[in-house]
Amino acid sequence: MRSELPNSRAWPPRLNSAHPPPPETCSSWARLPRALAVAAVMLFLAGSVAGQTPPPESQPAPAASQAATYVGSEACQVCHEDIHKAFQKNPHIAVEKDKKRGWETHACESCHGPGSKHAESASPADIRNPAKLTPAETDKGCLNCHLNQPTHIGRIQGPHARNQVSCVACHAVHKTPEELRPRKITAINAECTQCHTAVWASFRRPYKHKLPEGAMSCVDCHNPHGTHLPRSIQTVSANEPGCFRCHGDKRGPFVFEHAPVRFQGCAACHEPHGSANPRMLARNEVRFTCLECHANTPVTAAASRTLGGVPPAFHDLRNPRFQNCVVCHVKVHGSNASPELLR
Amino acid sequence: MRAWPALLILLPLAAQETAPAPKETAFAIQEAAPGAQETPAAQETKPAAAKTKPAATEAKPAAQETKPAQEAATAAPEAAASAATAEPGLTGSLDVGYRWRTGVGGSLDTYRSVVNLGDGPKLFGLDLSFQSATRRWFDRIGVRANNWGGDPYNTARVDAMRHGWYNFNFDYRNIAYYNFLPSFADPTISRGFFLDQRSYDTRRRMSDFELELLPGRRIVPYLAYSHNAGSGRGITDFVSDVNEYPVADRLRDKTDNFRGGVRIEMSRFHVTLEQGGSTFKDDQQVFTSDENFGNRTTPFLGEQLFLTNLTQAYGVRGSSIYSKALVTANPASWIDLFGQFLYSRPDTTVHYAQYNTGQFVNLDALLFFTSELDLLNATAKLPHTSGTFGFELRPMRRVRVIESITTDRLHNASFASLTQNVIAPPLTPQSADFTDRLVWNYNQQQVDVLCDVTSRITARGGYRYVWGDGLTRGSLISGLPTESGTLRRQVGLAGLNYRMAHGVSLNVDYEGASGDRVYFRTSLQDYQKARMRVRYQPVPSLTIAAGFSVLSNQNPAPSVNYDFLSRENSASVLWNPSGGKRFSLSGEYTRSTLRSDVNYLEPQTLDQARSFYRDNAHSAAAMIDLALPRSGQLSLGGSLFRSSGSRPTEYYQPLARLVMPIRRGVAWISEWRYYGFGETFYSYEGFRTHMATTGLRWSR
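Order-wise, the sequence lines are chains F and Z. FYI, the numbering for the first sequence is 316 to 658, going by my numbering. FYI, the numbering for the second sequence is 27 to 726, going by my numbering.
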């Protein structure tokens, strides 16, 4: 039994303090308008908020644990034998074994808080359960250690974080390394499709990327922690869309670019998850894919406010020769030899 | 093959490090049911069945990435874990067997374009893990391989690590791409020819090596190398004035990417610095030596146009350097800062040569000629800079403010010099120089305010402003050298996450935008996007989920009049009573509809016309697993896709699978599967086939 852990700096015990958190007062709510006002001006001047009293760190531990003390993982094992056994294969067991982290023999309590009261009462109310906290509070527990790492950069602005998808929604903290961080392609895809059911349904279409076959995984194209690109598209070569990782021949730069490829990416013309149309095209015939932009409206870009409205030529689309534009415009993704993308 | 040197190096090491094999067989039984390694057919319907994890209080999103710049956090503890708890020796599973395919009824080319699985002996799956007893060179090596033996997609992966010293990952993919669909590009189909003039029979091989040193320390250097090569053949068109000729195409491209960097992970901040570069080459060749009359069926000005000999050689070489800097910091408990700077500068040089003989016409000069030689030298450079800065501010315990600013800007400048030399009849060579330019600047600023209204409800509101400008070359008809466009869009954001009692969770996400400037007629302009997900888990063995999403987009400009609407409704259920001891059931269904309507003018008449596209699709998958005596398992299910609208399509894949343990550690696995595909408007592209697979699985 001990009430204070050594080397707490290495593993900041923000969520695990045996000391009660400062009670939230009305004054914190009273600061809300000011905080929002600051947010509204984008808070570029961080100094403007520095004048405010920093809020207390999140302390969602149940009140019953206020007087609790640390008892060690062995005490947890007595009742939670199954979790203890599974945890032995989990990478987080390093917390239990590693003296540097300051939680040696107390890995359970590093996330769940001091457990003496719970050990005595066996009541769920006497222990902190991250799965029942708000996602932000759950994440904060993880970020105690994982905050200053590359994943956090994308995560802050990533859609998963914004939609309250906490770390533990994907990462099984108690289980095997594969469940903590899936590496098998089928396991990754299964994890993603638990929520993205409709996306997975797109892969049942005949023309698709080979995810159901196990040749690719969702994270080959998307970074679940977020990127600076829309839809958390992976990047390659620093800031190029991850599509070019496989489709290197489409990467360019081309001597004569086709603007939508750069401006809107592959999804301007393709349904990357799957389509009933060959080549995963967004339209059933190629000509419609093209004509929706190259609409022949006799208006210049300046007047129409859209690019590409005027076509490069007039063709008789009743002739089968002209019904598929890419028969002649063979380098539709960009050409190195023809401004009209003919070769 | 570049995959094997690493395997050959690592496997002997593994053999040395592995503890002495037990007296009994090296593979001992662990499970009888289908486990980690599914046959490809099984994989396709597995995701629903794989949902055995009890639903958390919120949605379950994607898993983690395997890229080196992402998961430092798990690397060190993972290594420590294996060092602390691993039992030395070999564990894993091996699936081998044989696949039979009945003859393909209907179009074999479509079958190869969609499925492309063949007969023969196969290595369906290999998943081995070696735990070192001595831990001299490594703590653990994992080797995985799937779908080897002539399948169209082969994968292999090796993970090796030693705690505190290194993490090594190797990933290999070999993916075949066959695409021959006459309905896609065959102008001559009315004449009875079935030829896709844009077809491919290629393979793409990708290898990725990553080595991370000193994982878990404050300073973590890393190195990585990627190789990506595509090769094969196809059919493309040689385009000459007023006629185009389908000809053979030989494709060969290669990209090598090198990068290295260092991660500095301190208590209050993190910095990643990376420098990389790549080389690229594309040696596509188009050729024919047969007489070819092309797609034109009639003489032009009384002359029959034809091609007798062609050589087109694309010699494209490219290189790139790039830099990456990432920073996060938490200077105080109430604020996190983050930023990244990304810069790349790819460039391309081109040497193109074309020699063609036959009968051609030059429309500009109204000249018929029989032989031509074109030479082109060109270069292009595309500097590309991206940056993001933002912070998460926590002014109160329940409130978070996330602010981010992103900019992404590139411009491409190119120059080409073309010499056209008409050899017969002999003419003076004509030279022409081209310059081209493309500019794209994109900026986005977004602020979100998230509030934990109660312990069960989190609400979110925000605002996004997107702006930018672009420049590209003008069309020939407009006569303008360039066209420019601008982007301006204001987006309102909202979200709600409600974690109700009794295992119910609800997530709602909404975006509504008003834009007055867009780049293209079909770009997002005035749009509403909403998504809702609900999950219900009344008991641990039963999970029901449903999702709904809608995207509505309009561009009301009179010359555009674009109207787009898509909806997706999905539901899934997983029932796993008693842990699946007797049976388990999984199923999912998705109904999606898409409607797109935009005006255009027929090029030949300039009459008003509409591009109207509809797609109404049903997609479903189900699987029931029945426990059999002696730990056997019978699985029945499959998937279907059926759509109506602009391209009505049906695609069915029922399957049955039997797994029977033979002895300890060995199971017999058999599977039957049917593929049926049909398209209402292109009946000649339908196919159907049966496939049977049988094999053994060793597991330990």
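Misleading hints may appear alongside valid ones.
[Stated by the list, open to error] Below are the PhoX-like pairs computed for lysine-lysine, each with C-alpha atoms no more than 20 Å apart in a straight line:
#1 F/K447 x F/K490
#2 F/K490 x F/K523
#3 F/K565 x Z/K307
#4 Z/K307 x Z/K280
#5 F/K415 x F/K400
#6 Z/K555 x Z/K407
#7 F/K565 x Z/K555
#8 Z/K607 x F/K565
#9 F/K412 x F/K490
Calculated directly from the structure, the hints in this document are not laboratory data. On a predicted model such as this, the values are computed, not experimentally measured, just so you know.
Hints versus structure:
no.	hint	result
1	F/K447 x F/K490	18 Å, holds
2	F/K490 x F/K523	33 Å, violated
3	F/K565 x Z/K307	12 Å, holds
4	Z/K307 x Z/K280	5 Å, holds
5	F/K415 x F/K400	23 Å, violated
6	Z/K555 x Z/K407	37 Å, violated
7	F/K565 x Z/K555	30 Å, violated
8	Z/K607 x F/K565	50 Å, violated
9	F/K412 x F/K490	17 Å, holds
Checked against the numbered hints given earlier, the structure breaks hints 2, 5, 6, 7, 8 and satisfies all the rest.
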